[in-house]
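2 protein chains.
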Amino acid sequence: MMSGWDSEKMIGLAERYGTPLYVYDLAIVREKIRKIREHIHPAVCLFYSLKANPNTTLVRKIYETGTNLEICSLYELKVAQMAGCSPKHMLYLGPGKSRQEIRQIIDCGIRYVVAESMQELEVINQVAEETGKSVQVGVRINPAVAVKGARLQMGGAARQFGIDEQQFDEMAALIRRLPRIRLTGIHTYHGTRILSAQVIAENIAYILQFADRVIERHRLTLDYVGVGGGMGVAYFDGESDLDIARLGHLSQRSIEAFAAKHKGTSILMESGRYIVAEAGMYLAKVLYTKVSQDVHFAITNGGTHHHMAAGGMGNAFRKNFPVRAFVPERQQVHRYHVSGPLCTPNDLIAKHVSLPQLQPGDIIGIARSGAYGLTASPVLFLSHALPREVLLDGGHELIVRERDEYMVPAVRLVM
Amino acid sequence: MMSGWDSEKMIGLAERYGTPLYVYDLAIVREKIRKIREHIHPAVCLFYSLKANPNTTLVRKIYETGTNLEICSLYELKVAQMAGCSPKHMLYLGPGKSRQEIRQIIDCGIRYVVAESMQELEVINQVAEETGKSVQVGVRINPAVAVKGARLQMGGAARQFGIDEQQFDEMAALIRRLPRIRLTGIHTYHGTRILSAQVIAENIAYILQFADRVIERHRLTLDYVGVGGGMGVAYFDGESDLDIARLGHLSQRSIEAFAAKHKGTSILMESGRYIVAEAGMYLAKVLYTKVSQDVHFAITNGGTHHHMAAGGMGNAFRKNFPVRAFVPERQQVHRYHVSGPLCTPNDLIAKHVSLPQLQPGDIIGIARSGAYGLTASPVLFLSHALPREVLLDGGHELIVRERDEYMVPAVRLVM
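These protein sequence lines map, in sequence, to chains A and B.
Under the numbering used here, the very last position in the first sequence is 963; numbers go up by exactly one each time.
Under the numbering used here, the very last position in the second sequence is 963; numbers go up by exactly one each time.
Just so you know, not all the hints are guaranteed correct.
Since the list gives no way to pick out one identical chain from another, each pair is judged satisfied if it fits inside one copy or across any two copies.
[Said to hold, decoys possible] With a straight-line cut-off of 20 Å between C-alpha atoms, the simulated EDC-like cross-links for lysine to aspartate or glutamate are:
id	residue 1	residue 2
1	Lys609	Asp771
2	Lys811	Asp760
3	Lys609	Glu579
4	Lys557	Asp941
5	Lys899	Asp712
6	Lys557	Asp789
7	Lys626	Glu804
8	Lys833	Glu670
9	Lys867	Asp941
10	Lys636	Glu586
11	Lys833	Glu950
Bear in mind the hints are in silico, worked out from the structure with no lab data behind them.
Working from the sequences, and respecting the hints, build out all of it.
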């Protein structure tokens with residue numbers, strides 16, 4: 549799947565569109581979605597999480613594969629609408645929804661709306677009252693048991709998300725007192741960046757068993773149960789990609805059992821990173837090379853303001869994303885620190901990576917950069933321009949975000 | 549100095565301008581600049597580092613106090629120009645300057661232009677050749693000795709910045725071969741976030757002694773020597789603010805000696821954080837409160853997309869910025885996790901902080917947020933709106949950045 553990223557093609561893109569540049573290959577996105585469909589039980593409805601990469605055209609192309617959309621803010625809602633998404637295919641989450649947001653969610657008629665606290669349920673009821681409508685609401689449950697093997701845990705501990713599993717009965721009683729709300733869903737999210745098929749399968753089984761219990765105990769008729777996502781991709785040395793076939797195999801029985809017993813209840817699963825991470829490449833041009841205290845540096849025009857994850861921020865110990873040099877065969881290899889143009893020592897996008905000897909004008913790439921790349925980075929820091937984003941669709945190259953001349957006044961968006 | 553942040557005033561601002569909101573108090577900015585002037589030797593020319601907070605109006609007000617401007621990108625140059633800054637008062641740094649950038653720097657006639665590598669010197673010479681001009685250039689020197697006590701070191705190790713001290717002779721020989729370049733300055737930056745007056749004073753003495761040696765050895769006539777900055781402010785428990793009077797006292801002798809011997813050579817010092825950090829307050833409104841697994845949560849409409857530093861990203865162990873609750877007297881106090889609206893568990897702006905019992909509608913503030921706040925944060929992440937920024941100038945309240953309705957298409961800027 550990495551064969552698409554050959555040097556000639558990448559150098560051509562860099563020349564045509566300039567650097568720094570984000571490139572996304574739709575063939576890889578479609579292949580990842582196809583794999584999920586092939587291996588995961590057909591009762592599961594797949595949702596793409598816009599937060600991983602909210603580029604409008606990319607989102608539209610993903611929606612056109614039949615994938616639903618998970619959104620978490622009003623602008624993500626707007627993007628989903630621009631992508632042509634029906635409210636029947638939208639899942640709306642978020643621990644801090646404002647009244648204005650709730651009002652728009654209700655007006656828009658989004659099918660899967662998940663509340664994250666008792667107070668939010670009361671606010672939704674109030675806003676629904678104002679609109680004269682009734683609202684079908686799901687609740688996010690913070691599971692009592694923590695998942696092992698997640699890089700970022702979201703459940704099983706004190707969390708800003710959802711309602712503790714232990715508070716379910718109290719919550720159900722509250723909803724019975726709220727005239728405008730009907731409980732139609734349960735949603736859970738254990739963690740993210742999970743590379744173990746077994747851990748994800750155990751999560752799914754745990755959630756479906758929990759849902760089965762509360763459905764029985766409270767005699768619920770649920771439209772849906774969300775089992776979260778968390779399917780990771782390998783970025784760093786020592787990590788191996790998730791075995792999706794094995795995940796399909798290990799989760800088959802619990803999903804089959806739940807689906808057979810609760811025929812009207814959809815099983816929702818989200819994925820952002822797994823769908824788009826491998827499809828993205830961040831290209832930058834070497835501006836200068838030098839040796840400082842015996843360390844080789846390549847200073848590029850791309851940096852952590854566009855790709856904070858490659859800078860290792862947020863990890864206690866920095867690890868390198870996969871780095872490629874798109875250069876002709878060279879005799880010498882050095883271990884490089886690759887840095888960006890920012891006036892801060894943290895602007896290192898790779899440290900101690902072996903690369904062919906670099907020279908000004910060379911193109912380097914950070915692979916697996918399609919998820920949590922540009923929009924998860926401090927793009928205003930040091931006030932450099934936002935880069936172009938180009939989407940490869942078969943033989944076509946679509947500019948899906950125009951480059952800024954400078955930073956700020958307009959963060960332009962091409963639709 | 550904190551007396552300006554009383555509850556009534558903050559609640560009023562939150563009501564008038566909405567939340568989330570950044571508030572900057574110019575009285576504090578001016579007081580910090582006054583303190584530097586009062587205590588630091590008068591031979592020192594002070595430069596404000598735009599990267600700390602590039603808000604145009606704030607920058608203009610700082611420039612109007614007689615402070616020069618340090619800039620690191622073309623957009624920062626544009627901001628400095630909009631602020632009315634003369635090119636004679638601009639210092640331009642950056643390890644990855646593009647040809648286009650160098651061209652504009654030359655066209656603009658910036659007085660203090662600092663090159664960071666041998667290759668950059670050659671590119672500057674080429675671009676100068678194209679314009680038919682000669683350029684006065686400073687060089688950034690990476691000192692051979694590391695500073696102790698800096699939170700973020702920039703010298704004394706392998707760095708993307710500058711030319712190693714040990715390479716000075718080679719660099720000087722290169723410059724003699726470049727017809728369009730004249731060496732007129734030396735610049736050094738040891739580290740940042742230094743709270744020890746003694747460490748900063750030792751840095752200054754080290755740099756001035758180094759400059760004195762190379763001036764003698766190479767018979768240079770220098771327009772300036774930059775001694776960097778690095779003056780920190782205390783954010784976290786156990787930290788104490790820098791004693792600026794003591795810094796003035798400890799650095800007096802080395803500055804006096806250098807200034808007396810090299811009368812035509814200016815001594816430049818930069819400060820971003822020290823000037824603006826304490827002047828900023830980030831205000832957010834509590835949307836929901838809840839208890840999850842015995843932990844009290846306050847979920848606000850402000851988060852790490854606006855204030856990543858408060859989220860502790862980049863620190864191996866999270867520490868809390870000073871958090872204030874602008875609420876009437878309340879009987880109960882709880883230990884809170886304060887989180888934002890983002891669908892990510894990392895969106896915590898305070899953890900285990902003791903605050904009066906909070907309820908929806910309450911205003912909380914993150915103090916000391918004037919530096920490396922909004923523009924150093926991943927503002928596009930989860931696609932929420934950018935907040936307003938309001939500048940307090942005596943009795944006046946100026947909106948210096950308008951709020952977005954949604955995020956993206958326009959990151960608007962009010963000038």
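Homo-oligomer pair classification [Glu950, Lys833; C-alpha up to 20 Å]:
within (18 Å within a copy, 34 Å between copies)
Give the relationship of Lys557 and Asp941 under a CA distance limit of 20 Å: within one copy only, between copies only, both, or neither.
So Lys557 and Asp941 pass the 20 Å test inside one copy only (14 Å; across, 54 Å).
20 Å Cα threshold - placement of Asp771 relative to Lys609:
For Lys609 and Asp771, neither the intra-copy (27 Å) nor the inter-copy (58 Å) Cα distance is at most 20 Å.
Homo-oligomer pair classification [Asp941, Lys867; C-alpha up to 20 Å]:
Classified as neither: same-chain Cα gap 31 Å, cross-chain 45 Å, threshold 20 Å.
Checking an output row: Lys626 and Glu804, CA cutoff 20 Å. Within, between, both or neither?
Classified as neither: same-chain Cα gap 35 Å, cross-chain 61 Å, threshold 20 Å.
If the cutoff is 20 Å on CA atoms, where do Lys833 and Glu670 land: within, between, both or neither? Let me know, please.
between (53 Å within a copy, 18 Å between copies)
Quick one: Lys609 to Glu579, C-alpha cut-off 20 Å, is that within a copy, between copies, both, or neither?
Cα proximity of Lys609 and Glu579: one copy only (13 Å, versus 54 Å across).
Measure nothing new, just compare the shortest in-copy and cross-copy C-alpha distances for Lys811 and Asp760 to 20 Å and report within, between, both or neither.
within (12 Å within a copy, 83 Å between copies)
Between copies, within a copy, both or neither: which fits Lys636 and Glu586 at Cα up to 20 Å?
Answer is neither; intra-copy 24 Å and inter-copy 65 Å both fail.
Is the C-alpha distance from Lys557 to Asp789 at most 20 Å within one copy, between copies, in both cases, or in neither?
Answer is neither: 25 Å inside a copy and 53 Å across each miss the 20 Å cutoff.
Cα distance capped at 20 Å. Does Lys899 pair with Asp712 within a copy, between copies, both, or neither?
So Lys899 and Asp712 pass the 20 Å test across copies only (19 Å; inside, 41 Å).
Taken one by one, the earlier hints fail for this structure at numbers 1, 6, 7, 9, 10, listed in ascending order.
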